[in-house]
Amino acid sequence: MIALDAVEVRLGARLAADGVSLEVPRGGWTTLIGPNGAGKSTLLRAVAGLVPHRGAIAVDGRDLRSVPPRRRALLLAFVPQAPLLPPEMPVGEYVLFGRTAHVGLLGRAGTADREAAAAAAERLDLAALAGRRLGELSGGERQRAVLARAIAQAAPVLLLDEPTAALDVGRQQEVLELVGELRAERGLTVLGAMHDLTLAGQYAERLALVDGGRLVAHGPPDEVLTEERIARHYRARVRVMRIASSPVVVPAR
Amino acid sequence: MTVRWTLAGVAALATALLAGLALGPTAIPLADVLRGGLTPLDEAVLWELRAPRVALGALVGGTLAVAGGAYQAVFRNPLADPYLLGAAAGAGLGATAAIVYAGSVPLPIAAFAGATAAVAGAYALGRSVGGRDTATLILAGVAMAAFLTALQTLLLQSDTDNVRAVYTWLLGRLSAAGWSDVLLVLPYSAASIAVVLAHRRVLDVLRVGDEEALALGVPVGRVRLLVVGAATLGTASAVAVSGLIGFVGIVVPHAVRLLAGSSYRAVLPLSVLFGAAFLVLADVAARTALAPAELPIGVVTACIGAPFFVVVLRSTRAAAT
Chain A
1 MIALDAVEVR
11 LGARLAADGV
21 SLEVPRGGWT
31 TLIGPNGAGK
41 STLLRAVAGL
51 VPHRGAIAVD
61 GRDLRSVPPR
71 RRALLLAFVP
81 QAPLLPPEMP
91 VGEYVLFGRT
101 AHVGLLGRAG
111 TADREAAAAA
121 AERLDLAALA
131 GRRLGELSGG
141 ERQRAVLARA
151 IAQAAPVLLL
161 DEPTAALDVG
171 RQQEVLELVG
181 ELRAERGLTV
191 LGAMHDLTLA
201 GQYAERLALV
211 DGGRLVAHGP
221 PDEVLTEERI
231 ARHYRARVRV
241 MRIASSPVVV
251 PAR
Chain B
1 MTVRWTLAGV
11 AALATALLAG
21 LALGPTAIPL
31 ADVLRGGLTP
41 LDEAVLWELR
51 APRVALGALV
61 GGTLAVAGGA
71 YQAVFRNPLA
81 DPYLLGAAAG
91 AGLGATAAIV
101 YAGSVPLPIA
111 AFAGATAAVA
121 GAYALGRSVG
131 GRDTATLILA
141 GVAMAAFLTA
151 LQTLLLQSDT
161 DNVRAVYTWL
171 LGRLSAAGWS
181 DVLLVLPYSA
191 ASIAVVLAHR
201 RVLDVLRVGD
211 EEALALGVPV
221 GRVRLLVVGA
231 ATLGTASAVA
241 VSGLIGFVGI
251 VVPHAVRLLA
261 GSSYRAVLPL
271 SVLFGAAFLV
281 LADVAARTAL
291 APAELPIGVV
301 TACIGAPFFV
311 VVLRSTRAAA
321 T
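Top line first, the protein sequences correspond to chains A and B. For what it's worth, my numbering labels the leading residue of the first sequence as 1, then goes sequentially. For what it's worth, my numbering labels the leading residue of the second sequence as 1, then goes sequentially.
Hints are computed from structural coordinates only; laboratory data are not their basis. Predicted model, so just to flag it, every value in this text is computed and none were measured. Careful: at least some of the hints might be erroneous.
Unchecked claim - To list a few chain B residues with every Cβ distance to chain A over 10 Å, as calculated: (1) Pro25; (2) Thr39; (3) Val45; (4) Arg127; (5) Leu216; (6) Gly217; (7) Leu225; (8) Ala285.
Unchecked claim - Which bits of chain B does chain A cover? Going by a derived footprint, with three or more residues having C-beta under 8 Å, they are: (9) 254 to 265; (10) 276 to 284.
To be verified - So the derived label-pair ranges between C-beta atoms look like this: (11) Leu258/B / Glu122/A: 32 to 38 Å; (12) Glu23/A / Leu258/B: 51 to 57 Å; (13) Gly131/A / Thr15/B: 45 to 51 Å; (14) Leu49/B / Gly131/A: 49 to 55 Å.
All C-beta atoms in this analysis are idealised placements derived from N, C-alpha and C, irrespective of residue type, glycine included.
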């Protein structure tokens with residue numbers, strides 16, 4: 001379980017997260033939504049331990065502030081929005097980086113690590129590309145390589161910052177289905193951030209709407225995604241329709 | 001692939017060491033060395049003059065090359081070299097002070113102290129302005145280097161008698177080397193190389209950026225401090241006995257990258273071998289090119305290094321496009 005209690009993050013003079021309290025139950029999937037600059041990524045980065053915060057962030061009751069980086073990486077795997085991919089690095093080697101916390105600072109990857117990385121690559125259809133360099137991959141393949149790295153990490157919590165941004169609609173569905181399957185298989189807890197409201201609502205159990213660093217709505221997708229809310233926080237004119245009880249957000253003009 | 005290049009590195013180093021022993025103002029045929037038919041004079045030249053000089057060249061070359069590779073890794077900057085954080089300027093000030101105020105402190109110790117103090121100062125300065133990123137640290141190093149160079153210039157200007165001695169040191173030399181110098185450098189070089197090589201895998205992880213490496217479980221700040229500390233210790237000890245020898249720390253790792261790929265797992269160990277071979281050969285060139293006069297070795301490494309660097313850059317660009 002991930003528990004945020006009155007989390008505050010200051011970026012320079014700006015309060016990028018302002019008293020956010022939020023719980024994601026063990027095995028749950030919550031997606032942060034909100035306009036550009038609302039603080040979604042900042043919150044994810046705070047949970048991942050990449051920006052200092054006030055308030056408390058705990059995983060399974062342990063305050064993360066007291067957890068050193070290696071232990072934290074065994075608890076949380078993070079998929080950043082704009083990962084840095086060294087172009088000459090082979091895909092297989094990159095996926096194996098997911099095992100860093102298992103291997104330790106001065107150790108070398110063992111058979112178990114190689115198998116976990118290979119299985120993660122297989123899972124994301126990258127097995128045939130393991131010898132390719134990152135710079136030779138398409139945008140979608142790169143995104144899958146980053147996800148494979150996170151899956152190889154085998155942490156019980158997965159943090160996904162815009163995991164589908166670079167993907168076509170088919171690949172978007174594939175990736176989100178895969179996250180759903182892993183959640184079912186391994187009891188993964190997922191906290192994500194997404195821009196596509198319809199897609200976010202189709203896969204997440206709960207949506208958390210953030211605006212100006214504050215949590216303004218939190219609940220099941222069909223409760224959070226209302227026309228008035230989207231109009232207020234996104235300054236957008238939309239229609240929210242329901243297809244098979246799932247909310248579909250359509251821009252209106 | 002890596003095995004092949006390791007063998008090539010060992011072969012290059014062996015060739016360089018033999019050439020270093022055999023070549024010089026008096027040529028000593030290798031066949032005679034192996035057969036043991038040397039005159040007492042040749043024997044003395046070989047073991048008291050050339051062997052320590054060759055050993056020192058190999059140690060200093062290997063240390064500077066791996067330190068350069070380590071700096072490039074932690075700063076993710078291809079232009080980083082072992083002098084990036086002010087080690088050269090600090091050593092220069094220390095050595096100048098030792099020469100100007102002759103007698104009080106031995107020159108190697110003054111240079112070593114200057115180099116380590118400068119880098120420690122740059123680190124503290126970077127921290128004090130609140131920068132956790134590498135750019136702040138590099139800028140702190142630049143500021144530190146400029147300040148120390150200014151002090152050194154002031155010191156020199158007030159004591160022009162010693163300009164020549166200081167410049168001789170600044171241009172680098174292995175000529176004064178005896179076994180005592182080798183023994184002076186050995187423990188620091190060995191420790192520095194060992195620490196950097198032990199971190200070669202984690203330095204590969206740093207290639208994805210500080211933040212992601214942290215999220216993958218690497219205590220980035222601690223690794224950086226440890227690796228920079230080790231590289232600086234090696235650099236300072238090398239500089240202390242051989243003066244400022246430029247270009248080894250930047251040319252060798254780049255050349256190795258071109259040969260064996262960009263993974264630090266391969267680049268760092270190979271840099272030790274090829275760096276050692278490179279400096280020994282550069283020293284052979286320094287003492288044979290204008291024999292019996294000697295060129296400063298720093299001039300030789302720069303003269304070979306600069307054009308070679310352009311070649312490396314061209315090939316890297318060609319490979320990238």
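Here's how the hints hold up against the structure:
Pro25/B, annotated as away from the interface, keeps every beta carbon of chain A farther than 10 Å; the closest lies near 45 Å. At roughly 50 Å from the closest C-beta of chain A, the C-beta of Thr39/B stays outside 10 Å, upholding its exclusion from the interface. The beta carbon of Val45/B is kept farther than 10 Å from every beta carbon of chain A, the shortest such distance being approximately 44 Å. With a least beta-carbon separation of about 15 Å from chain A, Arg127/B lies farther than 10 Å from that chain, consistent with its non-interface assignment.
A Cβ of chain A approaches the Cβ of Leu216/B within 10 Å, the least distance being about 4 Å, so the stated non-interface status is violated. Some Cβ of chain A comes within 10 Å of the Cβ of Gly217/B; the nearest lies about 3 Å off, and the non-interface call is violated. For Leu225/B, the non-interface assignment is confirmed: its Cβ lies about 13 Å from the closest Cβ of chain A, beyond the 10 Å cut-off. At roughly 32 Å, the least C-beta separation between Ala285/B and chain A is larger than 10 Å, which holds for a residue marked as non-interface.
Counting residues of the stretch 254 to 265 of chain B whose CB falls under 8 Å from any CB of chain A gives 3; the rule of at least 3 is met. A count of 0 residues in the stretch 276 to 284 of chain B with a Cβ less than 8 Å from any Cβ of chain A is obtained; the coverage claim is therefore unmet, three being the minimum. Between Leu258/B and Glu122/A the CB atoms are about 33 Å apart, so this pair conforms to the stated range of 32 to 38 Å. For the pair Glu23/A and Leu258/B, the supplied restraint of 51 to 57 Å holds, since their beta-carbon distance comes to about 53 Å.
For the hinted restraint 45 to 51 Å between Gly131/A and Thr15/B, the CB-CB distance of approximately 34 Å leaves it violated. Taken as a hint, the range 49 to 55 Å holds for the pair Leu49/B and Gly131/A, whose Cβ atoms sit roughly 51 Å apart.
Hint violations for this structure: numbers 5, 6, 10 and 13, all remaining hints satisfied.
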